[in-house]
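Participant: Here is what each chain is made of, one letter per residue.
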Amino acid sequence: MPNYKSDTNGSGKALSTFVAFAFFVLSVVALFLPDSSQDEVASLLRGSVLRPFILTQETLVRRSIHAEDTEVLQERLDSLQMVIVNSSTLLEENARLRRLLGLSERNPDEYVAATVIRAGMPGSESMFLLDVGSDQGVTRDSPVITDQGGLLGVVRRAGATSATGWDWTHPQFRASAMTEDGSVAGMVRATPGGFGEGYRLLLNGVPFQQKLEPGVALVTSGLGVYPRGIPIGVVIEELDAQEGWTRSYLVRPVVSPGQATHVLVVVSEEGDSFDANLRSEDGWLVPEAAASEEPAQDIADTEARTPR
Amino acid sequence: MKTPPRVWGVVGLLILLHFGLHVSLGLGEGAPDLVVVALLIGAREVDIGRAAGLGFILGLLEDAFSVLAFGASTFALTLVGMGGARTRDLFVGDSLFFLMSYLVLGKWARDLLHWVAVGEGLREPFVDTMLIQSPISAVYAGVIGLVVIAISGLGWETVR
Numbered sequence: 002m003p004n005y006k007s008d009t010n011g012s013g014k015a016l017s018t019f020v021a022f023a024f025f026v027l028s029v030v031a032l033f034l035p036d037s038s039q040d041e042v043a044s045l046l047r048g049s050v051l052r053p054f055i056l057t058q059e060t061l062v063r064r065s066i067h068a069e070d071t072e073v074l075q076e077r078l079d080s081l082q083m084v085i086v087n088s089s090t091l092l093e094e095n096a097r098l099r100r101l102l103g104l105s106e107r108n109p110d111e112y113v114a115a116t117v118i119r120a121g122m123p124g125s126e127s128m129f130l131l132d133v134g135s136d137q138g139v140t141r142d143s144p145v146i147t148d149q150g151g152l153l154g155v156v157r158r159a160g161a162t163s164a165t166g167w168d169w170t171h172p173q174f175r176a177s178a179m180t181e182d183g184s185v186a187g188m189v190r191a192t193p194g195g196f197g198e199g200y201r202l203l204l205n206g207v208p209f210q211q212k213l214e215p216g217v218a219l220v221t222s223g224l225g226v227y228p229r230g231i232p233i234g235v236v237i238e239e240l241d242a243q244e245g246w247t248r249s250y251l252v253r254p255v256v257s258p259g260q261a262t263h264v265l266v267v268v269s270e271e272g273d274s275f276d277a278n279l280r281s282e283d284g285w286l287v288p289e290a291a292a293s294e295e296p297a298q299d300i301a302d303t304e305a306r307t308p309r
Numbered sequence: 098m099k100t101p102p103r104v105w106g107v108v109g110l111l112i113l114l115h116f117g118l119h120v121s122l123g124l125g126e127g128a129p130d131l132v133v134v135a136l137l138i139g140a141r142e143v144d145i146g147r148a149a150g151l152g153f154i155l156g157l158l159e160d161a162f163s164v165l166a167f168g169a170s171t172f173a174l175t176l177v178g179m180g181g182a183r184t185r186d187l188f189v190g191d192s193l194f195f196l197m198s199y200l201v202l203g204k205w206a207r208d209l210l211h212w213v214a215v216g217e218g219l220r221e222p223f224v225d226t227m228l229i230q231s232p233i234s235a236v237y238a239g240v241i242g243l244v245v246i247a248i249s250g251l252g253w254e255t256v257r
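Read top to bottom, the protein sequences are chains B and U.
Going by my numbering, the first sequence opens with residue 2, and the numbers climb by one from there.
Going by my numbering, the second sequence opens with residue 98, and the numbers climb by one from there.
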């Protein structure tokens with residue numbers, strides 16, 4: 002082994018140290034960049050240097066979906082047929098009742114099928130990429146549900162042909178939830194499980210006089226960005242810790258984010274920011290509110306602060 | 098001393114393999130952190146400024162997939178690159194023990210810096226992350242690093 006000799010002289014070493022310090026400062030600057038700038042840098046890198054790696058995963062995921070067992074697909078098809086047959090009577094009844102009450106037809110939701118891509122990098126645990134974008138009508142705050150019908154998350158940035166989103170494990174994820182009959186409502190957010198356990202959901206803000214039993218199913222209430230009725234999870238147990246006159250419950254989510262490969266993105270025809278609160282029979286009620294910086298969080302926070 | 102091109106070939110290959118395993122195949126923690134191994138090997142061959150630059154670029158590429166803490170990997174890898182280059186002035190070793198310690202401690206330091214940079218609201222408990230999960234992944238990366246060095250024929254004397 003040759004003896005080690007320093008290959009930098011005095012001035013060269015000083016310059017090198019200065020360059021290293023400059024990169025250190027830049028790395029600190031990157032930490033404190035505004036969210037929008039961070040998004041832009043990340044999108045630029047994902048769309049250029051890292052694009053081949055993302056395309057490879059897209060191709061592999063698509064192939065694995067196509068290779069799915071035909072028997073499983075047939076079972077799903079049969080189940081859907083049953084649902085359609087059973088719901089035809091309800092649809093007719095619903096339309097008749099709407100006519101009697103003088104209500105106009107409800108705008109049906111539109112969906113775009115997408116493939117989920119996940120990067121196994123530190124810090125990317127709550128993030129997913131979609132192979133659809135604004136060209137397909139996807140916008141910021143478009144809800145994302147799995148092909149099994151459970152709530153996965155929400156789109157946070159939509160490019161022309163791709164989008165990035167958060168799943169429900171993101172610390173800032175909030176969704177307004179209710180029981181299937183709508184009798185009890187609250188707000189769900191992610192909460193870490195114990196060591197070796199995955200994330201779970203926490204339902205809080207349930208009025209003290211209302212009690213939920215384990216096994217009760219929770220769905221989205223329609224407040225905020227998520228349309229009403231998307232399955233969220235099942236109540237496991239009530240937590241001992243109570244906040245004021247409210248109860249909190251641990252919820253087992255219906256969707257395991259890591260297993261979601263094929264999803265449906267709920268899109269709005271207008272192409273505006275999605276907000277179920279603002280939807281009416283005639284379109285969007287308050288478009289300027291939908292254009293706020295953090296619409297999902299604004300609405301979630303508003304509900305969380307509302308005294309019950 | 099001029100660095101053999103083979104070293105940079107191995108460094109480049111490790112970086113491609115890292116993103117191939119983590120992004121293309123989506124293996125996550127099942128795949129070793131080859132970016133740190135590549136950085137630690139490369140940092141011993143260049144001065145502190147270039148090592149910091151290499152760490153900065155690799156960190157930025159990793160952060161392109163981070164929504165929870167953008168910049169945390171950039172910060173961590175920049176400092177690890179600087180530390181790796183600095184070890185040339187402090188330690189000269191060619192033993193298996195030295196290389197293993199260098200790779201394991203480098204990976205553990207990367208995780209520690211990332212944990213610090215992520216911020217209080219997002220970081221997981223110190224004991225779970227830094228005393229249980231991180232040492233395991235550090236040893237994993239260290240073993241893979243040694244295998245890569247041995248297979249690629251760099252030789253212990255090449256990675257100074």
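Just so you know, the hints here were simulated from the structure itself, not pulled from any lab data.
Positions of the beta carbon are idealized from the N, C-alpha and C atoms, including for glycine.
Among the clues, some could well be false.
[Said to hold, decoys possible] Chain B residues, not near chain U, derived (Cβ > 10 angstroms throughout):
| id | residue |
| --- | --- |
| 1 | A43 |
| 2 | T57 |
| 3 | Q58 |
| 4 | S89 |
| 5 | W246 |
[Claimed, not checked] Okay, derived cross-link-like pairs now, SDA-like style, lysine to any residue, Cα gap no bigger than 20 angstroms in a straight line:
| id | chain 1 | residue 1 | chain 2 | residue 2 |
| --- | --- | --- | --- | --- |
| 6 | B | K14 | B | V26 |
| 7 | B | K14 | U | S234 |
| 8 | B | K212 | B | R253 |
| 9 | B | K14 | U | L209 |
| 10 | B | K14 | U | F188 |
| 11 | B | K14 | U | T184 |
| 12 | B | K212 | B | Q173 |
| 13 | B | K14 | U | L251 |
Participant: CA of K14/B to CA of L209/U, is that 20 angstroms or under?
Facilitator: 28 angstroms, violated
Participant: Is it correct that the beta-carbon of A43/B has no partner in chain U closer than or equal to 10 angstroms?
Facilitator: 5 angstroms, violated
Participant: Next pair to validate is K14/B with V26/B; report whether the Cα-Cα distance is within 20 angstroms.
Facilitator: Judged against 20 angstroms, a Cα distance of about 18 angstroms means the pair holds.
Participant: Checking one constraint from the list: CA of K14/B to CA of S234/U, max 20 angstroms. Satisfied?
Facilitator: 34 angstroms, violated
Participant: Beyond 10 angstroms from chain U, beta-carbon-wise, is T57/B?
Facilitator: 4 angstroms, violated
Participant: Could you let me know if the closest chain U CB is still more than 10 angstroms away from the CB of S89/B?
Facilitator: 40 angstroms, holds
Participant: Please confirm whether W246/B is truly not at the interface, meaning its C-beta sits more than 10 angstroms away from all C-beta atoms of chain U.
Facilitator: 27 angstroms, holds
Participant: Keeping to a limit of 20 angstroms between CA atoms, is the pair of K14/B and T184/U held or broken?
Facilitator: Satisfied, since the Cα-Cα distance of roughly 15 angstroms is no more than 20 angstroms.
Participant: Straight-line Cα separation of K14/B and F188/U no greater than 20 angstroms?
Facilitator: 18 angstroms, holds
Participant: If you draw a straight line from the CA of K212/B to the CA of R253/B, is it 20 angstroms or shorter?
Facilitator: 17 angstroms, holds
Participant: Do the alpha carbons of K212/B and Q173/B lie within 20 angstroms of each other, as the hint requires?
Facilitator: Violated, because 26 angstroms separates the two Cα atoms, which is more than 20 angstroms.
Participant: Hint check: K14/B vs L251/U, CA-CA at most 20 angstroms. Holds or violated?
Facilitator: 27 angstroms, violated
Violated hints for the displayed structure, listed by number in ascending order: 1, 2, 3, 7, 9, 12, 13.
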